[in-house]
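Colleague: Listed below are the residues making up each chain.
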Amino acid sequence: MADVLINPVADRLSPLELLRVTLAAASDPSQVAIRELPFLCQIALRGSPGNTLFMAAVQKALGLDLPVKAGSVVLAGSVRALWLGPDEWLVVAPDGAAPALLSALAAALEGVHAQAVDVSANRTVIALEGPRAAEVLAKGLTLDLHPRAFGPGRVTQTILARAAVILEQTGEAPAYRLYVRNSFATYLASWLMDAAAEYRLPPLC
Amino acid sequence: MLLISCPHCGPCDETEFHCGGEAHVARPHDPAALDDAAWGAFIFMRNNPKGQFNERWVHAAGCRRWFNMVRDTVTHRILAVYPMGSRPPAGLGHLGAAVVEDAQ
Ligand SMILES: [Zn+2]
Numbered sequence: 002m003a004d005v006l007i008n009p010v011a012d013r014l015s016p017l018e019l020l021r022v023t024l025a026a027a028s029d030p031s032q033v034a035i036r037e038l039p040f041l042c043q044i045a046l047r048g049s050p051g052n053t054l055f056m057a058a059v060q061k062a063l064g065l066d067l068p069v070k071a072g073s074v075v076l077a078g079s080v081r082a083l084w085l086g087p088d089e090w091l092v093v094a095p096d097g098a099a100p101a102l103l104s105a106l107a108a109a110l111e112g113v114h115a116q117a118v119d120v121s122a123n124r125t126v127i128a129l130e131g132p133r134a135a136e137v138l139a140k141g142l143t144l145d146l147h148p149r150a151f152g153p154g155r156v157t158q159t160i161l162a163r164a165a166v167i168l169e170q171t172g173e174a175p176a177y178r179l180y181v182r183n184s185f186a187t188y189l190a191s192w193l194m195d196a197a198a199e200y201r202l203p204p205l206c
Numbered sequence: 006m007l008l009i010s011c012p013h014c015g016p017c018d019e020t021e022f023h024c025g026g027e028a029h030v031a032r033p034h035d036p037a038a039l040d041d042a043a044w045g046a047f048i049f050m051r052n053n054p055k056g057q058f059n060e061r062w063v064h065a066a067g068c069r070r071w072f073n074m075v076r077d078t079v080t081h082r083i084l085a086v087y088p089m090g091s092r093p094p095a096g097l098g099h100l101g102a103a104v105v106e107d108a109q
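Residue numbers (our numbering), protein chains in the order written: chain A, 2 to 206; chain B, 6 to 109.
Read the hints as simulated data drawn from the structure, not as lab findings. Being a predicted model, the structure only gives us computed values, none of them experimental. By construction, the Cβ of each residue, glycine as well, lies at the ideal position given by its N, Cα and C atoms. Take these hints with a grain of salt, some might be off.
[To be verified] Per the computed footprint, the stretches of chain A lying under chain B, defined by three or more beta-carbons under 8 angstroms from a beta-carbon of chain B, are:
| hint | stretch |
| --- | --- |
| 1 | 79-90 |
| 2 | 155-162 |
[As the list claims (entries may be wrong)] Among chain B residues calculated to face chain A with C-beta under 7 angstroms, some are:
| hint | residue |
| --- | --- |
| 3 | SER10 |
| 4 | CYS14 |
| 5 | ASP18 |
| 6 | ALA42 |
| 7 | GLY67 |
| 8 | CYS68 |
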């Protein structure tokens, strides 16, 4: 029997890969653009913010001070830490960063009451950008996205069109990231395309 | 639709929360020592006041933390939100001064 060679990286299929062309066609950067950010490294991190050993160990491993203010994000280079709860964070980094970050965390957190788990396969990420992005989200969100209530560097867990999401605002434009469970990704991407359809400019010819 | 103030996240829509029933129901220290009637009373019997009621709620779709609330079952008005393991603000709720500490 012939060997079937599978490359665990090159042969990966992200949850929205089959919708990549459709998403691009439904996007209008002057209004709102939708695309998947596949395979981001995501690490669930838990520990007590009151434990100075824990906070110092994470600072050593990730090079950032974990946010303790509810709903805030701290960035350091390509690594970001999202506040998910008073003792819970999601560390997000580029594709492929998980092994190095996890071993750095494991080494720094030796003997410290804490938990760091690779949950990269749990959710995929949808980027929603452009002047109409907030209007698109507002159709399925109970949250106030007005700049007086939400803005860059803010994150929240909420429900968008009946799907549980982590919503992070990454830019002024506005730009958002939606972290959604893989099994909900196709549904949510379809919902976003439908919600964004009215903002696409008609073709010139 | 209620706007519920999570102690961590601030005001969020009711659909993000689940109600966990009456608050401050102390778990018996030695369940094996109870007869069926007493155990059944702990498991099933709850107050059901018309008016102020102490309840447990969880921010299920948000930070997933539990907290306590005093809610008026007639008007739906939320009178107080306070942490697990703490007593309700003085004079609020159906338990009055007889509140027992949560078994943590
Ligand atoms: Zn909350």
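Colleague: Can you give the numbers of the hints that this structure goes against, from lowest to highest?
Modeller: 3, 6
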